[in-house]
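Novice: Each chain is listed here by its residues.
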Amino acid sequence: MTNKNEFDVIIVGGGITGAGTARDCAMRGLKVLLIERHDIATGATGRNHGLLHSGARYAVTDRESATECIEENKILRKIARHCVDDTSGFFITLPEDDLAYQAKFVESCLAAGIQADIIDPKEAIRLEPSVNPTLIGAVRVPDGSVDPFRLCAANMLDAKLHGAKVLVYTEVESFIMEGDTVLGVRTVDQRTGEKAEYRAAVTVNAAGIWGHHIASLAGVNIGMFPAKGALLIFAHRVNSIVINRCRKPANADILVPGDTVCVIGTTSTRVPYEECDHMHVTPEEVDLLLTEGAKLAPVLENTRILRAYAGVRPLVSADNDPSGRNISRGIVCLDHEVRDGVKGFVSITGGKLMTYRLMAEQAADAVCKKLHVNQVCKTAVTPLPGSATGSVEEVSRKLWSVPVTVQKAAAGRSGDWAEKIAMDHPMDRSLVCECEEVSVGEAEMAIRDLDVHNLTDLRRRTRVGMGTCQAELCACRAAGLLAKAHGCADRARADLKDFMNERWKGMYPVAWGETLREGEFTQWIYKAVLGL
Amino acid sequence: MKYDVVLIGGGLSSLVCGISLQRTGKRCLMVSGGQNALHFSSGAFGLLGFRPDGSAVERPLEELDKLPANHPYRKVGAAKMHEYVNRVKPFFASCGVMLDGDPERNSWRLTPTGTVRPSWLAMSDVTLYEDSVVSIGRKALIANIAGYLDFNTAFLAEGLEKAGVTCRLEAVALPEFERLRTSASEMRSVNIARVMDHDQVWKKFVEQVCVLLRDEDVVVLPEVFGLQDEHVLEQIRECIPARVVFVGTMAPSVPGIRCQSALKTAFEQAGGEFLMGDEVISSEMDGERVLSVRTANLGDTVLEADHFVLATGGFFGRGLQATAEAVSEPVFGLDVDAPEERTQWYNPDFFAPQPYTRFGVHTSENLRAMKAGKEMENVYVIGSELGGADALCEGSGAGIAVMTGFKAAEMING
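Here the protein sequences line up with chains W and Z, keeping their order. One point on numbering: in my numbering, the residue at position 469 of the first sequence is 469, and numbering is uninterrupted. To convert, count from 1 in the second sequence and add 532; that's my numbering.
With the rest of the complex left out, here is chain W:
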């Protein structure tokens, strides 16, 4: 097993599940290869609320998921402190809702081990002034927000620190099979077209909704149910506490504050599998999100919408539920040898961002069992890079020479890893992104350490271009840094065009008001002035 293309385990998929599984396997001493066809966190991982569920949302309808959520909630607060914002959450009852549901809700929460305190509506308004003032009931639960990009990058980084090899922009074309045994994968590099083969005793399918396709390459059918969820990001953090509706889970009933913005969502619509790569938000979805969102926090009606986006939940079909709302968010770990007679192949799917670590643990357990490796999971007690030492404030203090906002932003994003950001030279402190306070040093650290190949990757690592201006200034600056780092301006220029298109994709569904103004300005700058 000395060949560089031979591994103990190959993990397909660079979302949070794949990253978590790679970390877990690598920490148990396995030789790990992770393969991702795009960048990390491009699928459902980067297209959700960023809600650190308390589990309360599922307490009444899905006890198993609720219990998993609260346990993972407590773990993430420890191991991924730098990715978590402890906002707390409300479940509010509006006049149109049945207040009787509240009692059932609280009872179910407590039964699942979730703290749930009924508070006076007036007290709720005092604590969260943006909440709909007509509310007739409020329950406080330990919800929070979590940055999925940061969380995914931290898992990926830790996997690499434990020896895992990560290949991004590499697609699995087929499996190397011998009879009914999976021996490895044949891949193609998306950028160069170069083909390669990698072998391992076990291959894990952690490709989210695209796992349907990966499984089919091994002749296995997983009944995936692609459920599209659309969300809107607003340009201000209007609420500081997560606001949910205290009723059976429905459309657009969660408002989550995250960094400088807040997010309303989601819808749930079954979409054809073929469309999963081309999600766009419809005007009807935008209208629904706005109408329902304004019921949680009326100020949203007059708040600028930054962008609209949609992800696809990798649910596994259970019954004939047209929206997918009733399918369990529970974890599905399939040993295909037991299920389908295909050896050396495991699928980990279902679940959710909140339970990624538990999913990874189950997948790694399955892998270890196959490899006859007797190592226990340590991910629940081992902090991720960024949360390993000290508090965010402590790290900020260490970066004392830097302007205070840049410090906070960098330490907030990178945790103790922020110490690796070059800040000594005045040039390192120049700002690339003014909205999100991203410095040259931070961008260069991401390019160097975090597998950044293009601007969109850089955005996922640092929030470049995610602020109120939606990249009109910073994209061009960041493209200059990438041109320097990669030594190719032509590629950076093409990349800049892709990036602007990607930004516009989230803007056009909400292109009115300030968003259209910003769009017109950005188009003027990039086309007329810069001549792209």
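In short, the hints are calculated from the structure, not lab data. Predicted model only: the values in this text are computed from it and were never measured. Where a beta carbon is used, it is the ideal one built from N, C-alpha and C, also for glycine. Hints may contain errors.
Pairs of lysine-lysine residues, derived as PhoX-like cross-links and limited to a Cα-Cα distance of at most 25 Å, are as follows [as the list claims (entries may be wrong)]: (1) W:K343 <-> W:K31; (2) W:K484 <-> Z:K694; (3) W:K484 <-> Z:K671; (4) W:K31 <-> W:K370; (5) Z:K694 <-> W:K497; (6) W:K104 <-> W:K248; (7) Z:K694 <-> W:K527; (8) W:K195 <-> W:K165; (9) W:K527 <-> Z:K598; (10) W:K31 <-> W:K160; (11) W:K420 <-> W:K160; (12) W:K527 <-> W:K484.
Selected chain W positions facing chain Z (Cβ under 10 Å, derived; list incomplete) [what the hints assert, rightly or not]: (13) L290; (14) K497; (15) R503.
Output of the computed footprint for chain W on chain Z, the stretches with three or more beta carbons under 8 Å from beta carbons of chain W [as the list claims (entries may be wrong)]: (16) 634-646; (17) 843-854; (18) 924-932.
Starting from the known structure of chain W, arrange chain Z on it as the hints suggest.
Specialist: Below, chain Z alone, put in the same frame as chain W:
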């Protein structure tokens, strides 16, 4: 207060119109919100750079009859277009803005990303080229200010290398910029230009460039010089023993801001009054006549006028407003040409022509605004507030502003 003309908006079209009117004896007041498109200019004006198929236009005046019937140039009329085109350079020169270029024939300019774009007339920062393969020299020294990210030297160098120019990149660090750098968001073109102007810091910069210069025959610098006085550009060209070419930066635009302040000064020197940082919030009408307007800052003071010129721009300038339901004109509630269905407003491809850029206030043939289907007697609409043109894809933004500015002034003068 009573004026002959109240101009709403302080951008290029309004200034051109206001100066023309004031110089012919009309008493004008201009209400300006502050920033306008000149602040984001490339330093070059476009009259008509591209056909709808994307091909470059060489002689804009020969393309006029191919434009759609509701295009602002069709409303100005072919005869007037020919006349105005040759009036532009002397007009701007009289305001202290020297423009280069052949009024009847397009040239090319180098963009900040190293590509070329057709251009009509250009401010003295911008070098115009006859050919689309720009010939700036053999070897170029591209000199930036250290830590300044809005001058994208890597892109520029590659564009030039493709045109056969060997490039060397250098960054000059001056202690004068340390203060800007401590607040990193301050490293923007205009702030740099202010430091360059102060105490002639630009001379120190140029000295450093001269030290760095080896055998290069051309020196490329960012457009961050001569914010107060464009003669600095000439002095820089004299100090450096090589051809000096200035290239644009990310917005805001130093030449654009210099041009805006020169035109504003010309307007005021001619006797025009300027209300800066104010906006019209209400109006009084009698049938198809606007009698007066009020502004946010003047409170109850009523501004009466015989004529009103609306030059508040497109969406960015807030001349047009879009909600999820409709597009409207906020000052007078004028008729707007825009489809109701918002899916018709945009193209999902960022770089494709965007339908919303063609939206604008509906006017009659002589630029008078329409409201509820009727022609207003004394409201003229000019510049990018007008519909019917995709100024971005056509490369016609400045041309439309100047031509319709001249035209409205003539209409008002009778």
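Novice: Give a verdict on every hint.
Specialist: Hint check:
no., hint, verdict
1, W:K343 <-> W:K31, "holds, 19 Å"
2, W:K484 <-> Z:K694, "holds, 18 Å"
3, W:K484 <-> Z:K671, "holds, 20 Å"
4, W:K31 <-> W:K370, "holds, 14 Å"
5, Z:K694 <-> W:K497, "holds, 19 Å"
6, W:K104 <-> W:K248, "holds, 11 Å"
7, Z:K694 <-> W:K527, "holds, 20 Å"
8, W:K195 <-> W:K165, "holds, 17 Å"
9, W:K527 <-> Z:K598, "holds, 23 Å"
10, W:K31 <-> W:K160, "holds, 11 Å"
11, W:K420 <-> W:K160, "holds, 16 Å"
12, W:K527 <-> W:K484, "holds, 23 Å"
13, L290, "holds, 7 Å"
14, K497, "holds, 7 Å"
15, R503, "holds, 7 Å"
16, 634-646, "holds (count 4)"
17, 843-854, "holds (count 6)"
18, 924-932, "holds (count 4)"
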